[in-house]
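Quick note, the sequences are listed as chains A and B, same order.
Just so you know, the first sequence maps onto residues 1 to 289 in the working numbering.
Just so you know, the second sequence maps onto residues 1001 to 1265 in the working numbering.
Derived from the structure by calculation, the hints contain no laboratory data.
Treat the numbers as computed from the prediction; the structure is a model and nothing was measured.
Be a bit skeptical, because a hint or two may be false.
[As the list claims (entries may be wrong)] Label pairs and their computed distance ranges (CB to CB): (1) B:1255 <-> A:272: 28 to 38 Å; (2) A:73 <-> B:1159: 48 to 58 Å; (3) B:1092 <-> A:245: 45 to 55 Å.
[Said to hold, decoys possible] Some chain A residues near chain B, calculated using beta-carbon distances under 8 Å: (4) 18; (5) 24; (6) 32; (7) 37; (8) 118; (9) 119; (10) 121; (11) 123; (12) 132; (13) 222; (14) 267.
Beta carbons: idealized from backbone N, C-alpha and C, even for Gly.
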Amino acid sequence: MHYKSTTSSLWHRQSFRQLILVIPALLALFLLFIYPISSILIKSLFSPDFTLKHYLYFFETPLYSRVLWITFQISVLSTLSALIVGYPIAYVLRRAKPGIRNFFLLAITLSFMISLLVRNYSWIIVLQRSGVVNTVLTYLGLVDSPFKLLHNKFGVMVGMTHIFVPYIVFPIYSVMMGIDLNLEKAAQNLGATRWQTFWRVSFPLSLPGIGAGALLVFIMALGFFITPALLGGRKEQMISNLIQIQVVDLLNWPFASALSVILLLATLVVFAIYNRYLGVERLWGGLKT
Amino acid sequence: MSSRSRWPLWIVSGSAILFLIAPVLLLIPMSLGSAEIIEFPPSKIGLDQYRKFFNHPAWQSAVLNSLQVSVMTAVFSTFLGLLASLGLVWGRFKGKGLINAFIISPMIVPLIVMALAFYISLAKFGLLGTKLGLVLAYTPLTLPFSVLPISATLRGFDRSLEHAARILGASRFQTFTKVTFPIIRPGVFTGAIFAFMIAFDEVVIALFICGSTAVTLPKKMWDVIRYEIEPMLPAISTLLLLLAALILVLVGLLQRRVARRMTVG
Chain A
1 MHYKSTTSSL WHRQSFRQLI LVIPALLALF LLFIYPISSI LIKSLFSPDF TLKHYLYFFE
61 TPLYSRVLWI TFQISVLSTL SALIVGYPIA YVLRRAKPGI RNFFLLAITL SFMISLLVRN
121 YSWIIVLQRS GVVNTVLTYL GLVDSPFKLL HNKFGVMVGM THIFVPYIVF PIYSVMMGID
181 LNLEKAAQNL GATRWQTFWR VSFPLSLPGI GAGALLVFIM ALGFFITPAL LGGRKEQMIS
241 NLIQIQVVDL LNWPFASALS VILLLATLVV FAIYNRYLGV ERLWGGLKT
Chain B
1001 MSSRSRWPLW IVSGSAILFL IAPVLLLIPM SLGSAEIIEF PPSKIGLDQY RKFFNHPAWQ
1061 SAVLNSLQVS VMTAVFSTFL GLLASLGLVW GRFKGKGLIN AFIISPMIVP LIVMALAFYI
1121 SLAKFGLLGT KLGLVLAYTP LTLPFSVLPI SATLRGFDRS LEHAARILGA SRFQTFTKVT
1181 FPIIRPGVFT GAIFAFMIAF DEVVIALFIC GSTAVTLPKK MWDVIRYEIE PMLPAISTLL
1241 LLLAALILVL VGLLQRRVAR RMTVG
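Using the sequences and the hints given, assemble the complete structure.
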């Protein structure tokens, strides 16, 4: 959507001037984005001579292959559970009366805006040994000893799902807004049950939104750090946590750099798939660049 | 969707919404406990935790550091973002799409990768543990979030208003400050608020580069959540919750203004 003007000759002359406006941002990005990223690439490959030993070490050590597998597993599972929680919200949002829709949207947006740390911390309060869930269950006499709900895979899954749901809801909702609800009525008039209508009409039409949301969340999950660190145990540490341990505890910068490059490449591969099938402009919902 | 037979759907979606907000809202009553440990439900009610937080020097300096860093980041990133948006939305040069993608690309790089990248490169310039280092790290990170709302607003701006101002004798600079900027201002503020919020909440990069000399609020919270049981935390969380609500209202008002100005313009 470019500006269309009848007086274009006047503005044609300015196109070079407008390129100049972009230069400060480009300069900042080269200094503060490209340069730091290249410095980890260099750190992972030269010490001081060219070597691939840090990458080989990663792929040859079973412990690290396990971390890679856990990262993949948690990313897939949290994407799926965010879909399961988020899809019904989007479905209802599309069909609810304005009052309920606004309340739902407010709740989702508020949850989305609240500090990540606060959201993770709230789950510690809810799930810990003496937390809300265990207190209530014990009080009701349903359990004798408190459940272990934190510092395990369950805790990580709950925390990550909680953070990813809004990222799932918004793209699905925006795709659903483009669906003509009369199609559902038509299917039902032709004798389809409600269930058939959903699986044959509504669900397939919402698939682009599901794809967009799921890939976006998967990309975020791959490099997620905060939740596994706070809500996970030793067995749920993902590749990002491994990077932090290597830097802070072991001071092994070259190996941490190699890990970062691997994580970055994995992210870029998923993003390339996203871009290929959905287009980068989907990332920001309505805001097209 | 009025039919009563849809109740399973209501239960499912209602629980999903509850899942999203209930744990966070639960922190509000928890913040009123006065005991030295966090209890549910709180046994003594009072505002002691808030009083303690506002009188605690270490927390005060963390809040101050966070505010300084976030405001600086917002100013820096909005300035760069405004210029870039003006060029990208109105310019017609080759490679526009590529530049756009480049500006937005920091969004998809995992924070932990950015954190290590800045840790290594800021160390070379002795900028670890400084607020300037944090601002420099947050600028590329927040740039996409200031560029997106600003360019969206610019795209809705009717440039014939500028033509009119120029024909009536305004200089290019006057046209921008008197005509263009006042109209796109809500979009620019929205971008600045986004940049502020991201910087104010950022913890992964802060963990790596703020050291012990430029501790920000999220970094301090992280340490406390991780290593100790701190009864002040629900109160701090409640304050951050209020901040999020405030920002939400502010952005909502700004969006409404954008819409109104566009229709008037």
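The hints, checked one at a time:
Residue 1255 of chain B and residue 272 of chain A have their C-beta atoms about 33 Å apart, which keeps the hinted 28 to 38 Å range intact. Separation of residue 73 of chain A from residue 1159 of chain B is about 52 Å and conforms to the stated range, judged on CB atoms against 48 to 58 Å. Roughly 49 Å separates the CB atoms of residue 1092 of chain B and residue 245 of chain A, a value that falls within the hinted 45 to 55 Å. Taken as an interface hint, residue 18 of chain A checks out: its beta carbon lies about 3 Å from the nearest beta carbon of chain B, inside 8 Å.
Given the 8 Å rule on beta carbons, the hint for residue 24 of chain A holds: about 5 Å separates it from the nearest Cβ of chain B. Below 8 Å, beta-carbon pairs count as interface contacts, and residue 32 of chain A has one with chain B at about 5 Å; its hint therefore holds. Taking 8 Å as the C-beta contact cut-off toward chain B, the hint placing residue 37 of chain A at the interface holds, the least distance being around 5 Å. A cut of 8 Å between beta carbons decides the hint on residue 118 of chain A: the least distance to chain B is about 4 Å, and the hint holds.
At about 6 Å, the closest approach between the beta carbon of residue 119 of chain A and any beta carbon in chain B falls short of 8 Å, and the interface hint on this residue holds. Of the supplied interface hints, the one on residue 121 of chain A holds, with its beta-carbon coming within about 6 Å of a beta-carbon of chain B, less than 8 Å. Hint status for residue 123 of chain A: holds, given a least beta-carbon distance of 6 Å to chain B, under 8 Å. Because the smallest distance between the Cβ of residue 132 of chain A and any Cβ of chain B comes to about 5 Å, under 8 Å, the interface hint for this residue holds.
For residue 222 of chain A, the shortest C-beta to C-beta distance to chain B is roughly 7 Å, which falls under 8 Å, so the interface hint holds. Because the beta carbon of residue 267 of chain A sits about 6 Å from the nearest beta carbon in chain B, less than 8 Å, this interface hint is met.
Violation of the numbered hints given earlier is absent; every hint is satisfied by the structure.
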